[in-house]
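Undergrad: Listed here are the chains, written in short residue letters.
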Amino acid sequence: MSTCCTPEPYEPPAPGADSSRLRTIALIGPPNSGKSTLFNRLTGLRQKVANYPGVTVEQRMGAMAGIGRSDLTLIDLPGIYSLDPFSEDARVSVEVLEGRMPGTPKPDAILLVLDSLHLTRQLMLAAPVLGLGLPTMVLLNMSDLMETRGGEIDPLRLAQELGAPVARISAVKGSGMEAIQLFLNRHRGEDANQAAITVLPVVGNAVSAHKWAAQVSARTGYRAPLSAEASRKVDAVLLHRIWGPLFFLVVVFSVFEVVFSIGQPLSDGLGDVLARAGTWATNFLPNDWLRSLVLDGAWKGVTSVLVFLPQILLLFLFIGILEDSGYLARAALIADRVMRTIGLNGKAFIPLLSAYACAVPAIMATRTIENKRDRLATILVTPFMTCSARLPVYMLFIAAFIPPIAFVHGLVGLQTLVMLGLYLLGFLAALATARLLKSSILKSSQTPFILELPQYRMPTLRSIGLRLWDRGSVFLRQAGSVILVVTLGLWVLANFPRHHGVAPELTESIIGRLGHWMEPAIAPLGFNWKIGIGLLSSVLAREVMVGTMGTLYGADPQTQSLSLQTALHHDLHLGGAIALMVFFAFAMQCTSTMAVVRRETNSWRWPVIQFLYMLVLAWGAAFAANWAVHLIWG
Amino acid sequence: MLSELEVGTTGIIESVDLPPSVHNHLMYMGFLPNARVEVLHRAPAGDPTVYAIDGLEIALRRETAQAIQVRMTRPVRPSATETARKSERKARR
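These protein sequences, in sequence, are chains X and C. What the first sequence shows, in the working numbering, is residues 1 to 634, in sequence order. What the second sequence shows, in the working numbering, is residues 1001 to 1093, in sequence order.
Be careful, since some hints might not be right.
Only some residues are given here: those of chain C computed to face chain X with a beta carbon under 8 Å [as the list claims (entries may be wrong)]:
no., residue
1, Val1016
2, Asp1017
3, Val1022
4, Asn1024
5, His1025
6, Pro1044
7, Gly1055
According to the in silico footprint, chain X covers these stretches of chain C (three or more CB under 8 Å from chain X) [stated by the list, open to error]:
no., stretch
8, 1029–1035
9, 1059–1067
Derived from the structure by calculation, the hints contain no laboratory data. Note that beta-carbon positions come from the ideal geometry of N, C-alpha and C, so glycine has one too.
Modelling step: build the complete structure from the supplied sequences, incorporating the hints.
TA: What follows is the structure in C-alpha cells.
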C-alpha cells in the first residue's frame, strides 16, 4: 500500500496538574526479548506509530488499556544490546529515558524486559538501565519456557541484587500481568529515587558488564535452560545445502499461488456484492446527474479498489507468518551470498522482502543496515520490489488479458506464472540497480555481516490478527479518502464542460482533452488516452489507477454497461496491457514512498533522482514490451 | 581461527581483532574472551556460518570469523555430547 504505513502523528497527553502521578512508562529490552508482544499485550489495539524527530528510529506509543490503565502512556523503545551510544537505536533510547527527546515526555518509570532463556547476557543491559535512577521493574519474559526446558532462577534474590522489583512473566500467554499492575499502582512518582539506593557497579565496557552479569546470575541461582534442540533440528533442514533453497522457493511460490487462486474468487464475490449494493442503493435517487455522480463516479471508483482487500490481507497474512515464525532471518542468511554479488549483505534482503507488502515500512526497516552507503543503495532499490499496491493493477490486467490456462494437472496456472514473472522483473531491476550503484557512486568497503537468528516460534493469532486489522483498516481508510476524492474529481472532469445541461462526450470533456494532449508521449507504449489519465492519477498511489479506470470506463456510454475487465478490451490491445504491467513494475508512482525517502535521506535529491530513473526505465521497458508483443503476435 | 572450525565442533575464544565498533557489538552479543562457541550450520552457499554462543545463534561471514582467534576444545564425538545432554536433562527432572 502506498500510504498504508505513513505514521500518524502522536499527541502526547498534556501534563496534568498532579505532577506526582505516573504518566509515562518506557518499555526497554534487548532485541528478541519479546518486547513487542508485551507492548501489544499491555496496550491492546490502542497504539500509534510515529518516528522520533530527526532520526529514523520508529516510535510506538499507546495507552495501557490492555491492563486497564488507559491513563498511562507506554513508550516502546528500540531493542538494544547496550546503552553505548554507538548505534542510532541506543542513542534514541538514552535520549528518551533522560527526557531529552523533543516531543516525547520523560518517562516516570521503566519496564525492563529480559529473556529468561539467555538471562546472563541480557543482564548486561540491566546495570546501565537501573543506573538511570528511574523506578524500574525487571520482567523475566518467557519464564514458562525456561522452566519447561529445565532452567532456574530465584526472582527474590535477583530483586535484592538489582534493588528493583522482579517478576516472571510470559508475554505470549499473558501471565504475570498482575505483577506489572501492582508495580504501577504502588509507584506514584514520589519514590523515584528508590532504585538509586542500591549501589550498582559502574560498568564501562562489555567485558566488565559481562563479568557483573555473570556474578549476579550465579548468586541468584540462575541456571540457563538447555538450548532449543528443536530449533536447531529445523535449521538442519531449512539451512540444508539443497533443501534450504528449495524450501525457500516453494514458500515464495505457494504464497503467490494462494493469493491468486484463493484471493481471486473472494475478490470476485466481493465485487458482485458491492456492485449489486450500489445499484440497489442508488435506485432511490432520481435518474439524473446525481445518481451518475454517486454510482458511476464515487461508488464504481471506490469499490474497484475495495475488491482487492481479500488479496492484500492474504499477502500480509503470509508475510506476518514468515516474520513472526523467525524464518525471515533464515531467508536473510540464505540470501547473503546472492546479496554479496550485488555489493550488499543479507540484511538488505529483509527490507527488500517486506517491500513486497509496502515500500514505506521497508525503507524504514533499512536502519538495521550499519553501513550508510549500503543503506542508501537499499533505499533506492526498494521501490522496485512489487508492493501490494501494484497487486490490484496486475490482478485487473492479468484477469482481463491473460487466459486462465493451467499446466501440470491444474497445479500451475498461466496467470500465476505471469504474476510471478512481474514479481521477478521488479526483483531483477532492484538487483541490477543495486549492483550499478554499489560499483559506482555508492562504492564502499564491506561492513561485517552480523545476524542474530531468533528461535523458531509459533506465530500467535493475536499478533497476526493485530497486523491484519492494522493494514486492513488503513487500506479501507485510504479507499474512503484519497481514492474517493480522486474518483469524484475525475467524474467532474469527465462530465464537464456541460452543453445545455448535458454531459459532453468523454473525448470532449476536460479529462478527455487532457488525455488526448498527452497521448503522443504514451502511444508508443500501446496506451490509449484513458490509460494516460490513469497513469497521471496513479502518481498519488498505484492502486488509484484501478479506481480511475473504473470511473473512466463507467463514464463512457459505450462501455458503461460492461464489467471493467471486458470494458478494457474495448480499446486496449494485448501489447498495451503487457506494457502497462511492465510500466507499473518499474515506475515510482507513490507519493508516500517519495516522502519517506526524502525523510530517511534528509534531502530531496535522492527521491527526485529515484523518480526520474524509475520513470525512464519504466518507459523504456514498456516500449520494448509493447514492441515485442506486436512482433510475436502481430 | 573461528572460520576454520568444522560444523559440530566447539572452540574457546581467545581474541578478536576487528574495528572497535564492530568488536564492541560482537562483545555485547557474547563474543568475549574465554566464551565457548559452537559451529552449528553453514548457509546453503557455504557462507555465512551460524555459531552458537551464550545461548544465542549468530551468523557471521567467513571474513569476520577469520578475525576471531579460538583454541580448539578437546574433540568430543557428537554421539557422546548427545548422550551427555540427554542424561543431564533427565537429572534435572
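Undergrad: The structure should be examined with respect to each hint, and the outcome stated for every one.
TA: Do the hints match the structure? See the list:
{"no.": "1", "hint": "Val1016", "result": "violated, 11 Å"}
{"no.": "2", "hint": "Asp1017", "result": "violated, 12 Å"}
{"no.": "3", "hint": "Val1022", "result": "holds, 5 Å"}
{"no.": "4", "hint": "Asn1024", "result": "holds, 6 Å"}
{"no.": "5", "hint": "His1025", "result": "holds, 7 Å"}
{"no.": "6", "hint": "Pro1044", "result": "holds, 4 Å"}
{"no.": "7", "hint": "Gly1055", "result": "holds, 4 Å"}
{"no.": "8", "hint": "1029–1035", "result": "holds (count 4)"}
{"no.": "9", "hint": "1059–1067", "result": "holds (count 5)"}
The structure fails hints 1, 2 (numbered hints given earlier, in ascending order).
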